[in-house]
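A.B. asks: Each chain is listed here by its residues.
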Amino acid sequence: MANRREFLQTMAAGSAVLSGLACGGGGTPASSGTSGGPPPPPPAPAPTAPILVIVTAEGGMDLLDALIPMDGANAGAYQSHRPTLNVNPANTTNIGSNLGLNKAFAGMAALHQQGRVAWLPGIGMPNPTLSHFLAADLWSQGSAIPGGTGWMGRYADLAFLNGADPLRGISTDGLPLAVQGLDRNFVNISTPDTYRFPATRSEWGSIDDPSPLRLGFSDGFSLSGTAAASGMKAALESGHLYDQAQSLFSSLIGTSRRNTSVPYPGDANYPDATLRNDYFHLSSQLKFIAEMIAKDLPSQVFVTATGGFDTHSNHARDFPLLLNEMGASLNAFYADLASINTAKGNAQDRVIIMGWSEFGRRVRENNGGLDHGTAGLSYVIGKGVKGGIYSNYPDLTNLDDNGNLKFTTDFRNLYATVLDKWMGVSSKTVLGGSYPNLGFL
Amino acid sequence: MATFDTQKTAWTMDDVLHFGRRAGFGLKPETAAQLVSRSPAATVAAWVDGTASETAFNGALPLANVVDYPGYGSEPDQWAPHPFNLRVEHPANLTEAQSYWAWRMQYAPNPFKEKLALYWHQHFATGAKKVDNIPLMLKQIQLFRDLGRGNFGDLLLAVSQDPAMMIWLDTIQNKVEKSGDVPNENFAREVLELYSLGIDNGYNQKDITELAKAMTGWDYIGRDFPIVDNPYYFNDGEFIVYHGQANPYPNHPWLQGYTTLPNQRVSGTFTLFGVTLELGAGSHFGADAIQLILTQRAQACATFLAQRLLRFFLNPDLSASVINDFRDVILANAFHLGMSLKALFKSAYFYDPMHRFALVEGPVAWSVRAAKLLSPEFAAALQPYQQNSANLPRFSAWAGFVNWDTSGFFNMGQDLLNPKGPNGWKDHAAWLNSDTYRHRTRTAYALAVKESLGEDHLHVERFLFDTDFREWFPTAPTTAMEVFNRLTALLQPAPIPSALRDAWLGLLWTKPFAWNGSADTETAVRRLAFLILCSPQAQQH
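Just so you know, the sequences run in chain order A and B. Letter 162 of the first sequence, counting from 1, is numbered 161 in numbering that gives the first Met the number 0, and no numbers are missing. Letter 184 of the second sequence, counting from 1, is numbered 183 in numbering that gives the first Met the number 0, and no numbers are missing.
Please note: incorrect hints may appear among the correct ones.
[As the list claims (entries may be wrong)] Covered stretches of chain A, as calculated for chain B (at least 3 residues, CB under 8 Å): (1) 127-137; (2) 181-189; (3) 240-253; (4) 303-316; (5) 360-367.
Quick caveat, the hints were computed from the structure, so don't treat them as lab data. Each residue gets a CB set at the ideal place from its N, CA and C atoms; glycine is no exception.
So that you can see chain B by itself, here it is in the shape it has in the complex:
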């Protein structure tokens, strides 16, 4: 544990900004300045616990233009804790769901919850294409918000019984009803390989077979569909086991007339990691098998988690001893994720300058952070939209027959809510290739240089933020150098070499510097912001 033993007792502006980039979606310099004087430990604890009020945020959700209104559940209190009621005429619209989540990332008063949900989405990568039910996808993301800071065993079990996951990795096909049926191993393999232990790390094919046996008969039952015209598009789902015992849903349309549920489970016992449990109620119909991963393979599981968490939150190139030290932090906190991550963020090691900008930022977080830093804070953004009942700035919109979509996320290599496979996205350096980087420049242009209707109106990466470039400057700059200094302080790229800075300023300001409302000034400022966002330095965080 040695690496993480020393606590950070005082921090600098650079430390706070580093923390904000990693544990959130960035902090404006003005916000960070307020935190510098506070204690790191107390700030981290409040940040991880998410103590900021969410009332105004939840109240604004109906304005986010990604949830259905008016009609079903249009009252704000019906959104909480999560508005699954996407517009029913587009119940499978991935674009709206992506936009909705990006909107939450940008404005949520407790950004760590969203950043951690993004981590778990990468960890338990589940794809909308196969799940084919967007409300169930959003239910899974809400699960990450609710349990992502708790005990990993609880989270792992909840994910194993999450409807979207059970569709994604064929748990709902894992049925043994007649002779010749054998369990479907898909989820059993991936839960060990990708979600808890790592490839071939402390299990074998026999364990996979036994684990699949333990989870036979697991399924979900659709809920809330009476409020939607098409019953296929139910808005919620709940875990159920087809175990041959009493039917808890005698009035559910799917199960009317059943006094007992069908039995789709293997009977007898299963043996996992040397522990034999019975398959019925004694093992909670297999749920205890998930706990065996943590109890019987604690070291391997904690090591795996340490690797994954440090790779996402700290640095992709860490020695085994550092990873083992964080494994020990996780074990000492009995797999409590919030406690473990607080220990990480409170440690002096987290703030070692060698970690700053050591990670390539993922495309969604990169886009959200740039949007957040360049546009007004939530309260200021909300006000004019409340007054005229329009919608908040957002990452997509429907207007007439034109769909401004979130294909930018796909093109930049992170099709949010829709990874192609259960191992998620390849991260860090793999985020960047000649094509994904190209699309980052398109997004940077849409964010930094005011974008309006393009010539084709279709499938243009577009983020609808009306930004006033003068608001980027609390103090009016008097030189081009001051413009550069303020923009880099705001956008926080890794240090940009002075020779590159000088070359840019020379190309953009060919006339004597003047700070006025002219188009020349605005063009130069916005293009400089564009160049900074496109720089190799600004891909790191």
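This is chain A alone, in the form it adopts within the complex:
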């Protein structure tokens, strides 16, 4: 438990110091350092029905080859640590502060030009771990004192109504720790076409009457006289929530699904799901989320994930493909949102997208690949976002004992900003500590 204790001891001091270091002056305006073009429009005002979309990049997304240091000591150190993997400045887009965005991340460059991306290079945590699972768990818990629940799960505990908000939080990729709270639940809907209750079909006819199955999920029958063991509790809650969520989902999503016969202006721009990383299909997941927003589901938080960023090998081949798909998917999604109008307003005004990964990668390349590292890259996209660079780039000439980056911004500052300024709740309550806002909202 030494790591846990050290983590807690340094956390408070770390966040205070770093808030001053990294973001005391607010962000660097997006237009600074870029050439030509009018300044981007100011951010849209905070909406009355905000939506948060969280995009997880699983595996540990590299910072250095995504957002490249272009000059000074950092650029020299970058070239020497990455003799074969370094990205040529000619293959980057300058986004200010002498940082170049990998051209493969073109979809994000376009959003940046519109002034709608807040960049957080160097985001991380004190006492970082190089374990995927521990790092992802710490990010997911996101609290001053990690206690086994996720930061979005605790948000749900605070904000979701008990038993009356079955679709308020939706994950398209299982139910990760981040959305696990104490007594409120996100639902996982990954295959909308078959989201039915009860889900059956055959020559024997489907069981259209859900009542017998529903009886089995009812507390009155199954809990009477027995203490709910953890497995029974999970089964009852899952079954009950499935029934509730599915009934509401079916009634709202209806039968006219978005496809070529139901065109939406942004629809055509989603990259082909088979582009490269088809196993994770970020593009189709974001398209599905846009559809749920268009159908006016009462959903406030969407969680989705993509993977493949654990580039221990073949980094030069894979990483540009990963960036390309992620950027193009996010860009298409953002454009698609503009085409969606509901009673709650235009979707582009209502949505921010927050991207994160459990860590960045080792500074020095290793046989065509990159080992696990520490500080990484987060971003927030949205019409309500003041674009710019909101954290100091890590110092490549001052690495830790393992040759890893020292982080510049605590990841909980990102959460605090989103919770306070977008979700409208007290971040101190959800995170269990005070973390300064970063100023992009």
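We have chain A; now place chain B onto it with these hints.
C.D. replies: Quick look at chain B alone, frame taken from chain A:
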């Protein structure tokens, strides 16, 4: 050791069924009844050792429709011990491999071997997506069958040198050939963190670096590819170290012309857990490093194993003292897994009623058990298929252009042979969420209510078992209550409250009960089986 000291000397029907669910894929009541009168110790020993004959089973493998026929290796004796010759036109077909393994789970005469292989697959979770070679994946599963009941050190070393694992966690990238090359740490980290000690439990970053050094140059060499048209799809692989010494494969297409192998190893020594060994032949080119985990960190390693094994086979909510007692069992048996697990299954503690139904059953085991309990035993199932040369019932099939696939496993949260990460699946309560449970109801429907072609013919969870519902009832029931009692005895859910039972029977039998061949009777019986399988109680085992 106190917890596991007292041996079970006599057992009840409920005890035997509990044992069958945990150490296998369930027992029909008729089979369990035969075991009740036998001694628990002898039964457990035979079960774990796997003493049942596998001749008929191996002979039937060509009928399983997941191995290639006719042509390459179509004779049954060429399958043993494992048919890697998946249909060559679909060498990377994960679906067929999943179907093949599920088929083995259902029919294997020694089900414990398959259940334990499933445990090790979760423990050493390796994913087909990255390995990209299904025969190598199946080779790893066979490794679990062969060594899973032996010494853990032997197993750990074999897994470390297993081709699929070496691809999965980048051991084959762990090469140091020129200045500036540094070892790839991926496997070194995970073998300590996930496979032997647990996160930050008795090692540090320096140990990871040194362990990675010890395993530099480890690789595999493809085998048997001449029998397949496309040499990329070799059917087997073998461990090799690129150590700069004599080439043992001078005629292999990959190594023709080499009298000595390239040297991709760090030279000198490595120091792990305070022990310094030389990196060459003196440490068997690093293999001894794996043994150091067990010898230098025996307590931590045995504790880690105890936690993982008890969580899978007994109960996820056990006190530290129980875990420590099983750690001592493992240490007393010198890390012999079969001996340790026999001690567990023979102990009275294993049969304490508090453990019954205390675990959520994983989706694959849950599906296989339901299929097994609802369909004929192997010998009976085999007979008609031998007569007409058709295929045995199975979890997937190809017919024309239609692929009935095993996506049900994926949708229920356990994409067999293809976990997303090396930490495997989150188990127990995490198996169930509103979506995975939904897909369990789809599978339950396919199993209990006879399924046929759906309207789209594509990607429908489908299990091709022709079941005769009358065979579920050795004695014809005379009341709806008897139907319920027999179905729950067969399917073995945790006790279902009588009020729920009565409500179901009231909804399903609106007319006076009659046991005849009518569609009404069959519909009601099958729907009741469906409801039982879908119940929260039936997710526990």
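A.B. asks: Does each hint hold? Answer for all of them.
C.D. replies: Hints, verified against the model:
Against chain B, the region 127-137 of chain A contributes 6 residues with a C-beta closer than 8 Å to a partner C-beta. That satisfies the three-residue criterion, and the hint holds. For the region 181-189 of chain A, the assignment as covered by chain B holds, since 5 residues bring a beta-carbon within under 8 Å of that chain's beta-carbons and 3 suffice. Counting residues of the region 240-253 of chain A whose CB lies closer than 8 Å to any CB of chain B gives 4, so the stated coverage by that chain holds, three being the minimum. With a cut-off of 8 Å between beta carbons, the region 303-316 of chain A has 3 residues touching chain B; three or more are needed, and the interface restraint holds.
Note: the region 360-367 of chain A has 4 residues with beta-carbon separation from chain B under 8 Å; the three-residue rule is met and the coverage holds.
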